[in-house]
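2 protein chains.
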Amino acid sequence: MSVIETTPSREGLPLLVIPNCVPVMVKAFRALLPEFDGLCRVRLFTDTMLDEDILARRMKGADSVIVVGFHVSDDLLKTMSQTVRCIAFGGTGVDNYVNLEKAHEYGIRICNIVHYGDAAVAEHAIALLMEITRRVGEMNADMHEGEWQPLNGTELYGKTMGIVGFGGIGQWVARIAHGFGMHVKVWSHHPHVEEMQQIQAASVESIHDLFESSDVVSFHLAYNRHTKGIVTADDLAALRKGAIVINTARAELIEKGALAHRLEKGDIFAGLDVFDTEPMPEVDPLRVVPNTILTPHAAWCTDQAVHNAVRQCVDSIRDFYAGKATNVVV
Amino acid sequence: MSVIETTPSREGLPLLVIPNCVPVMVKAFRALLPEFDGLCRVRLFTDTMLDEDILARRMKGADSVIVVGFHVSDDLLKTMSQTVRCIAFGGTGVDNYVNLEKAHEYGIRICNIVHYGDAAVAEHAIALLMEITRRVGEMNADMHEGEWQPLNGTELYGKTMGIVGFGGIGQWVARIAHGFGMHVKVWSHHPHVEEMQQIQAASVESIHDLFESSDVVSFHLAYNRHTKGIVTADDLAALRKGAIVINTARAELIEKGALAHRLEKGDIFAGLDVFDTEPMPEVDPLRVVPNTILTPHAAWCTDQAVHNAVRQCVDSIRDFYAGKATNVVV
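Which chain is which? The protein sequence lines are A and B, in order.
Numbered per our numbering, the first sequence spans residues 13 to 342.
Numbered per our numbering, the second sequence spans residues 13 to 342.
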């Protein structure tokens with residue numbers, strides 16, 4: 013563990029604490045720290061720490077905090093409320109990590125970050141899909157073993173891409189799919205008439221309809237109590253032979269265990285970046301079912317998305333001290 | 013080896029011979045053979061045979077021939093000219109495989125197939141590119157070993173895609189790249205004003221300019237005496253740090269040995285489907301240079317492209333017997 017501090021001697025300035033971090037973000041934070049000059053001191057802890065007591069000690073005396081990937085329990089929030097007036101959360105779904113009502117009671121401003129990883133996640137969804145349709149990773153491994161064994165592929169052109177959820181990421185996937193010459197179908201709570209017209213996308217009434225009529229289904233829904241298990245075993249049963257399921261959103265959107273069970277049949281494909289338990293246990297049904305491409309929750313993790321995330325956290329805190337409001341949730 | 017024959021007893025009908033084949037095509041041919049009923053007999057040899065004497069014997073008495081992937085030497089063409097009146101070649105660049113002038117002298121119609129694999133090759137170019145930017149194949153192999161090790165990626169969005177050659181495949185790649193939100197630059201012998209406007213593509217004066225100003229360079233030129241070695245070591249030297257070279261066209265477009273040499277420096281990436289010697293020798297510099305994704309000339313090989321290729325060969329021969337002209341080169 014190391015600590016990076018800016019102007020620690022200027023105790024008259026308020027204190028921003030970043031009490032834990034991930035390696036890929038440290039460099040991006042360091043590059044932006046000069047933007048706090050004259051506004052606040054910064055104390056950045058560079059290790060991935062999840063122990064609540066240690067986090068609490070690290071945040072002692074902080075006026076503002078950037079939260080990178082740890083849950084803020086109600087107890088921790090209470091402790092923080094003694095001094096903290098602003099929390100910038102390094103993700104979108106902050107309501108799963110912080111009790112927003114209590115934060116509001118304590119008078120703590122909560123900020124999140126938005127759309128920082130839309131391109132990253134959308135492109136990863138397509139990358140998962142293309143490893144299924146073209147098997148480049150598989151052939152590349154063979155080639156580096158000295159082999160020469162072409163594998164047959166299948167084309168995306170002319171196929172139907174069914175998109176579950178049409179927010180920033182879903183729309184991004186839809187535009188890429190349209191560029192491939194795919195037909196796009198969308199199931200969404202919200203109408204997006206203009207965005208759908210631009211890519212000649214069709215709307216479907218139910219998730220079940222989407223599963224019945226798509227060659228590829230890709231999930232781009234936020235996870236909350238309304239969407240938990242929204243994709244059922246019955247929906248999965250409706251998939252055509254050879255259909256492809258892509259999940260870069262949340263495993264919990266699918267009825268627990270239903271996808272592994274459906275994949276065992278061997279007549280569909282899946283590309284998955286998200287799982288019920290992360291990190292995935294070494295032994296897990298999804299590691300052994302056929303036709304399944306797996307990545308370890310890496311979709312969001314591009315240089316650009318990390319930069320965007322850090323940029324927005326820094327903006328939220330800087331604007332808090334400057335008397336402006338950026339990405340304020342409560 | 014097996015032989016499939018239709019109506020062999022109807023000797024009054026002319027004879028189409030397909031004297032060799034590849035496994036992936038046999039099924040597609042079989043499905044279309046009924047279209048020759050009443051027009052000609054068909055004799056289809058299902059093995060991959062390249063021996064010229066054996067091929068000559070197999071084609072004895074043929075009025076028409078479909079050539080799948082073997083070179084027709086001038087000697088073989090002379091032998092064939094005794095009876096053959098039409099050759100349908102199962103590829104686009106037939107001038108590299110058959111002496112067109114001599115065929116014309118003999119009065120043999122030569123047909124080729126066009127754009128059958130545009131989508132297949134364009135999508136494979138993108139699949140190679142995405143294994144470089146997102147490493148799904150690599151992470152998937154790790155995941156199936158029980159690991160959990162996210163790798164950092166990079167985004168295509170906002171990057172510049174430089175396309176060398178703007179025929180059917182180049183244009184297809186450009187449309188996909190545009191869907192990803194990439195900027196597209198094109199170097200081409202021919203103006204394609206409308207196609208370029210549709211995707212806001214910019215034209216560059218020289219290949220060197222394209223290499224200097226692109227994040228990704230993808231080759232989509234036909235190979236002939238004008239394009240042999242058209243990409244030089246000097247062009248490759250102009251690539252930016254982190255640039256990506258994609259080649260799904262022909263290895264001979266690049267000055268011999270120059271790409272492997274450039275890759276040894278370790279500051280650029282490549283995704284390659286084509287090589288100077290195919291199948292690639294077990295020991296080859298490209299198998300060991302860093303940052304290089306390899307596939308064994310598999311870009312064209314999708315179910316749809318194979319179907320399109322066979323479809324067009326069948327159309328050419330059927331229309332020859334029906335007194336019509338389809339895909340006639342000479």
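There may be inaccurate statements among the hints.
For identical chains, the list gives no copy identity; a pair is met inside one copy or between any two copies.
As the list claims (entries may be wrong) - Straight-line alpha carbon distances no greater than 25 Å define the calculated DSS-like cross-link-like pairs of lysine-lysine that follow:
#, residue 1, residue 2
1, Lys-253, Lys-39
2, Lys-171, Lys-39
3, Lys-90, Lys-240
4, Lys-114, Lys-39
Since the hints were made in silico from the structure, they are not lab data.
A quick note: this is a predicted structure, and the numbers were derived from the prediction, not measured.
Subject >> Unsatisfied constraints (hint numbers, rising) >> reply: 3, 4
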